[in-house]
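A.B. asks: Sequence:
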Amino acid sequence: KKLHGEFVTLSKQPLISRVNRNALGDMVAYIKKTILADWQDINFVIGTNPEEMIEIKFDGKTIDTTQGLHAYMNTLLNSNQEIQEYDLRKIIHYWGYKEGQYIYYVLAPSWVRLKINDIMNFYRKAENKTRSSFDSLSEMEE
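No gaps in the numbering here: position 62 of the sequence shown is 62 in this note's numbering, and each next residue is one more.
Because the hints were derived from the structure by calculation, they are not lab data. One or more hints might be untrue.
Said to hold, decoys possible - Quick list of the computed label-pair ranges, beta carbon to beta carbon: (1) E85 with W39: 20 to 30 Å; (2) K61 with W95: 13 to 23 Å; (3) K33 with W95: 18 to 28 Å; (4) T65 with W111: 27 to 37 Å; (5) P50 with W95: 16 to 26 Å; (6) Y72 with A29: 10 to 20 Å; (7) K61 with N20: 31 to 41 Å; (8) R21 with T66: 26 to 36 Å; (9) A23 with K90: 14 to 24 Å; (10) A71 with H93: 14 to 24 Å; (11) L76 with V112: 29 to 39 Å.
The beta carbon of each residue, even a glycine, is placed where N, CA and C say it ideally should be.
Starting from the given sequences, assemble the full structure and let the hints guide the process.
C.D. replies: Following this line, the structure appears as structure tokens:
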């Protein structure tokens, strides 16, 4: 028996070919531009951490409601066409994570692999690195 047609996987494929490590800066710039266009009066810092994840740190003092911010971030991730084309995933542990007056959101590009067996160690390591990388991002902004 002869099979016809091209092999197609069931996995979600990135819609644009530029989704690679070289596009990480473009991803950060686009997300920053989008958030600034929608929320001009809030303070936030955006950047990448050593694991190549995108971190967004919002100052809770400049936000009216955290529920509104959470709904906005979910909508941004799930309905913005370009962000969907970048094939970003949210890191649940740091999605709306609150520490002091700050609220954190972390996105992972498609090439970042999370090992299921090591997920708790990842969270422990990432928690320490996220704090330090956000502190360094804050210093860069000042």
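A.B. asks: It remains to establish, for every hint, whether it holds in the given structure.
C.D. replies: Checked hints:
no.: 1; hint: E85 with W39: 20 to 30 Å; in the structure: holds (22 Å)
no.: 2; hint: K61 with W95: 13 to 23 Å; in the structure: holds (20 Å)
no.: 3; hint: K33 with W95: 18 to 28 Å; in the structure: holds (21 Å)
no.: 4; hint: T65 with W111: 27 to 37 Å; in the structure: holds (34 Å)
no.: 5; hint: P50 with W95: 16 to 26 Å; in the structure: holds (19 Å)
no.: 6; hint: Y72 with A29: 10 to 20 Å; in the structure: holds (19 Å)
no.: 7; hint: K61 with N20: 31 to 41 Å; in the structure: holds (37 Å)
no.: 8; hint: R21 with T66: 26 to 36 Å; in the structure: holds (32 Å)
no.: 9; hint: A23 with K90: 14 to 24 Å; in the structure: holds (18 Å)
no.: 10; hint: A71 with H93: 14 to 24 Å; in the structure: holds (19 Å)
no.: 11; hint: L76 with V112: 29 to 39 Å; in the structure: violated (19 Å)
The structure is inconsistent with hint 11 alone, although it conforms to all the rest.
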